[in-house]
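> Chain A is already provided as a structure; the job is to place chains B, C and D on it using the hints.
Protein chains in written order, with our numbering: chain A, 213 to 291; chain B, 213 to 291; chain C, 961 to 1109; chain D, 961 to 1109.
Be careful, since some hints might not be right.
Here are the simulated lysine to any residue pairs, SDA-like style, with alpha carbons at most 20 Å apart [what the hints assert, rightly or not]:
| hint | chain 1 | residue 1 | chain 2 | residue 2 |
| --- | --- | --- | --- | --- |
| 1 | D | K987 | C | A1057 |
| 2 | D | K1094 | A | L218 |
| 3 | D | K987 | C | L1052 |
| 4 | A | K260 | D | E1107 |
| 5 | A | K260 | A | L248 |
Calculated directly from the structure, the hints in this document are not laboratory data.
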Amino acid sequence: MGINILYFGMLAEITGQANEIWTIKDGLTVGDLKKLILERYPKMRDKKFKVAVDQQIGDDQTFVSIQSEVALLPPFAGG
Amino acid sequence: MGINILYFGMLAEITGQANEIWTIKDGLTVGDLKKLILERYPKMRDKKFKVAVDQQIGDDQTFVSIQSEVALLPPFAGG
Amino acid sequence: MKKIHKPKKVFMQGPISPQFVADAIAKHQSKVSIGAHAIFLGQIRADEKEEGIVTGIEYSAYEEMAEQSFHEIREDAFSKFDLTCLHIYHSLGIVPAGEISLFVFVSSAHRRAAFEASEYIVDEIKNKVPIFGKELVGPTGSYVWKENK
Amino acid sequence: MKKIHKPKKVFMQGPISPQFVADAIAKHQSKVSIGAHAIFLGQIRADEKEEGIVTGIEYSAYEEMAEQSFHEIREDAFSKFDLTCLHIYHSLGIVPAGEISLFVFVSSAHRRAAFEASEYIVDEIKNKVPIFGKELVGPTGSYVWKENK
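Just chain A, same shape as in the assembly (with noise of 0.2 Å):
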């Protein structure tokens, strides 16, 4: 049981693959999470991107929950 984490463009350039399944604690927030991320892929620290949980645009208070699908993306480039 875990969140699924999926990756975008140039960030799954960085992680070598396109999702990973993370085991986390309970009570997570999306700023819990990226720092965990960054820490697992420093090259990610200077690229920018937001993330989704479930689908949603969150901010670093946004609860994560251990179900979650979380998706990190990077600037968009639509149209």
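Chains B, C and D only, in chain A's frame:
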């Protein structure tokens, strides 16, 4: 020698023709000419129209040369 | 730097077909400095009038002056907005309800100029070009003269 | 009175062809309450970058979330503007320079709503939809990640 007066749209229906040559005296303005036209075609009195002299919209003060092309333009409906 | 744009033929007999629009778009795919196209199409509405339902519009124009007005509107738009291309087509004669009578095609590097120019140009056409329209109503050949607001 | 609009498929593989645009226009000619169509087309520019000339863009997306964003943008536009129809199409995969990657098709009875909605919707798409793009540059397979401003 005279001015060519063109009638368009509903105005051509009133006059029964698309154009007429009028002999006018020199020095007339659009205002003067409108008076003459409304005398000849009283049904135009309740119609809105603009007057173009040599393809430029004029006002009542615009002078009409005796070789001008004058056009009576009902409301525009392009588009 | 000021480029003079040759006057172009604007009027077409009858409706403007979707295929004509497609061909115009296709012709611009070799212009790789374009990033945005804004297209406006005026379509004939089957409005309900006292006299009956509109089945089409019959357009006429003071053609020589109208072509000159279109040319001035184009020059003005090129000077006001940063455009790559601009084409205007307008129908003469009968255009049935549901069909297209006006096609304004604006292209620019970035979208803002295309959007602004498109709306500006359509407004200018409605206000300044001597085009006249009979709204044909009902089955009996009656009509109402159209007037832009 | 509130009409719910079914989510529609927005993404298409590869470029959007002029013929596709023509077919979309043709389908709206039976809707005789429409008086104005505003169409926006996003075309790929062959911009010059430090790394070389852009030959195309390769699009990817967080598809599920993107389709949901497009749906919300449509609902929002219908509530803000008096529209008859609204269709959005966006490319995925490679779109070469000169070809079309975005097609926004807005129809309304009167032109003002169509113009305003068109610009609003394109801005919303650029800001809110999780679509990502690689600008392919030069002949050697290098690329630059694109970022909307």
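> If a hint holds in the structure, say so; if it does not, say that too.
Hint-by-hint comparison with the structure:
1. D:K987 with C:A1057: 14 Å, holds
2. D:K1094 with A:L218: With a Cα-Cα distance of about 18 Å, the restraint between K1094 of chain D and L218 of chain A holds, given a limit of 20 Å.
3. D:K987 with C:L1052: 23 Å, violated
4. A:K260 with D:E1107: The given pair, whose Cα atoms are some 10 Å apart, holds under the 20 Å limit.
5. A:K260 with A:L248: 16 Å, holds
In summary, the structure is inconsistent with hint 3 from the numbered list given earlier, while agreeing with all the others.
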